[in-house]
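Here are the chains, one letter per residue:
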Amino acid sequence: MKSKNTLSNALRNGDYKTKLSMIIMGFGCMARKQIVKGIGILLIEIGFIYFLASSGIHNLMMLPSLGWRKQEEVWNEAKGIYEYTKGDMSILILLYGVATILLIVAFILFWMLQLKHAYKLQLLEEEGKNIPTLKQDFKSLLDKNLHVTLMSLPMLGILIFNIVPLLFMISMAFTNYSKENDHLILFDWVGLKNFARVLSLNGNIGRQFWHVAGWTIIWAILATFLNYFLGMILALIINRKGTHFKAFWRFCFVISIAVPQFVSLLIMRTLLQPQGAVNAILKTSGLINSPLPFMTDAMWARVTIIIINLWIGIPYTMLQVTGILQNIPSDLYEAAKIDGAGPVVIFFKITLPYMLFVTTPYLITTFTGNINNFNVIYLLTGGGPTYVGDTAGQSDLLITWLYKLTVDNKYYNIGAVIGILSFILLSIVSLVTYRNSQSYKNEEAFK
Amino acid sequence: METKKNAIKSPLGKRLGNLLVHVFLAALAVVWIFPVVWIILISFRAEKGSYITTFIPKHFTFDNYIRLFTDRNILNFPQMVWNTFIIAVFTCIISTFFVLSVSYCTSRLRFKLRKPFMNMAMILGLFPGIMSMVAVYFILKALGLSEGAMIRVALVIVYSACSGMGFQIAKGFFDTIPKGIDEAAMVDGATQWDVFTKITIPLSKPIIVYTILTSFIGPWVDFIFAKVICRANAKYYTVAIGLWNMLDKEYINSWYTCFAAGAVIISIPIATLFLVMQKFYVDGMTGAVKG
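As given, the protein sequences belong to chains A and B, one line each in that order.
Under our numbering, the first residue of the first sequence is numbered 1, with each subsequent residue one higher.
Under our numbering, the first residue of the second sequence is numbered 1, with each subsequent residue one higher.
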């Protein structure tokens, strides 16, 4: 059933009290005995108009140019000193501009909401029903409208510290905000130029991008699937009938992930330095003459990272998988054994399909987690050892490169482009795999 | 695999297969435990420096732990522990409230923005957090939270403001509590708020404990946000930055063993909490929590 209380109905069928609410917000409430609420709504309107007049319009006007006044020295005759005039800060103009646009959108939504509310009161009056008092309204916040009470603050947090920063960062991708040509204070809109630079096959930035993107994908695939299969095999070995001390073995592996990741990664890093303990011990025992280049040779570093990631990832997979393995219907196994299937056949024909079916969502999260796996790369190699361009290293992922570009090197615009591109990559991968997975296509297969 | 196949056939082969499996597991366990044992040994080592040629230290000592808490001139470890503790307590309170609220609403209440909100949370989750880090810093700066004691407030905000997006695990738990209980209470005149506080929360102790612990651990193990927001303000460093700095070229020679001691001190409580939470973690991920 479609509700009568819609915006178009309010515009078409509203009486003068409702229609006046379009201009004097909250009028519908005030005219229908909801005085306090009406005044509250009106105050919000006044506050918004004041905000627009005092700074909002200015913020919007500055947005197209992003500012142009340079900071200048001016000789002050009276004091006899040089004074600095305040120049424009493009970054603040951009931030305030984005925030103002969001406030305007929020205000329009609020306007629609209050208009609908005014119309609802009109309908209630026409039907001869009671119009809720302020007290009843407050009560409904703990009952029918509890979600408003509980969700407001968390939503506000997400809005200010997730959505605004994202929009802000995305808008930087279309500017020349970087240390190149000294655009750190004043910068301009440049359209899609940054995207063209990043995606081009030649040129400094483009070359680095394709190199880093290629390694990111190789890394994510290897890290995800190696961890998954080896973790599953480990879980199977621990779970098999003949194995004793199952809890003890599980504990041994879990203890390594119970230690905070940054601690264990830092330990690994110091262990594997050219002068680190592993090399030192190998050397004194006479196995090698010169230190093994775990972190100093590009190829070695990549392999080392993947292996260390196995050390971190296998126990996780084992933890997740153990519970699911025990859920596999045992009659499936018994039937297979009667048919004379060996352990290998059983693994590939029963265990693996079942696991893939159940854990596809988990695999997707691990894959996206690996594409964004900042800790492992940053704490182990820092993206090193050698550089492919002026900022990216041989083992950098898109995410660590993004960090270096923005935090260390102040190429904010390129960093933003990388962020947007990795988001696109992630959403494509997760959507495609999810759509093609058995658990999406055929929900009932194993039930 | 071949040995296993034979194992089914003869008792001797079976015993041999079992033995092989156990040897294999033991070898793996050694590899996995090695770094943990290593760092504990280092933390009791008397010889300074990071260049080591023996596995077992030549002399054992408690000095590393003592120095960690008494040498407050260069790297003030007690201060860092205190900073992190304060931040963790406030983060924990706010996050727990946010997570439980959002999970309850998405699980139990039906409102128009429910689906859009859940989709939005999924999409926003795909954006790399590092990407918006710089922007978050600019916003905190614009709000006047980037200097002095306000850095602590800024860190609490960074860790807790968006926690409402991590509602899936607790929602999965709430979903398993039978709805009949709610409905029975509502027939008796209970409001949604009563149901939330008097029925759902008392029934959800495990997931509440889980939420509290995860949000409390967050600030202890994050190091990248803390680093970007604290910058050079050593007074407000958290433990993670402190440990990272001990491995800096400048400090590593004299602080390496203290780093190990610090790592052990931080890891013991966190590892214990992790082992306690393991069950909830696994259940939450596989979505198999029974009410």
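Keep in mind that the hints are not guaranteed to be accurate.
Here are a few chain B residues that sit away from chain A, every Cβ distance over 10 Å (derived from the structure) [as the list claims (entries may be wrong)]:
1) K14
2) A46
3) L126
4) G129
5) C162
6) I177
7) K179
8) D182
9) F216
10) A232
Think about it this way: if two alpha-carbon atoms lie no more than 27 Å apart in a straight line, the pair counts; the simulated BS3-like pairs of lysine-lysine are [claimed, not checked]:
11) K4/A to K193/A
12) K135/A to K112/B
13) K70/A to K112/B
14) K139/A to K112/B
Quick caveat, the hints were computed from the structure, so don't treat them as lab data.
We put the CB at the ideal spot given by N, CA and C, even for glycine.
Hints, one by one, checked against the model:
With 10 Å as the threshold on Cβ separation, the claim that K14/B sits away from chain A is violated: the shortest Cβ distance comes to roughly 7 Å. A cut-off of 10 Å between C-beta atoms confirms that A46/B is not in contact with chain A; the least separation is 16 Å. At roughly 5 Å from the closest C-beta of chain A, the C-beta of L126/B falls inside 10 Å, breaking its exclusion from the interface. Under the 10 Å C-beta cut-off, the non-interface status given to G129/B relative to chain A is violated; the minimum distance is some 8 Å.
Interface exclusion of C162/B from chain A breaks down, the closest Cβ pair being 5 Å apart, not more than 10 Å. Against the 10 Å criterion, I177/B stays outside the reach of chain A, whose nearest CB is about 16 Å from its own CB. No Cβ of chain A comes within 10 Å of the Cβ of K179/B; the nearest lies about 16 Å off, and the non-interface call holds. Distance to chain A confirms D182/B as a non-interface residue, since its nearest Cβ pair spans about 12 Å, more than 10 Å.
No beta-carbon of chain A comes within 10 Å of the beta-carbon of F216/B; the shortest separation is about 13 Å. Chain A leaves A232/B outside its interface by the beta-carbon criterion, the shortest separation being 14 Å against a cut-off of 10 Å. In summary, the hint linking K4/A to K193/A is not supported, as the alpha carbons are separated by about 49 Å, beyond the 27 Å threshold. For a cut-off of 27 Å, the pair hint linking K135/A to K112/B stands: about 24 Å separates their Cα positions.
Restraint check for K70/A and K112/B: not satisfied, since their Cα atoms lie roughly 49 Å apart, outside the 27 Å limit. Between K139/A and K112/B the CA atoms are separated by roughly 20 Å; this keeps the pair inside 27 Å, and the hint holds.
Consistency note: the structure conflicts with the earlier hints numbered 1, 3, 4, 5, 11 and 13.
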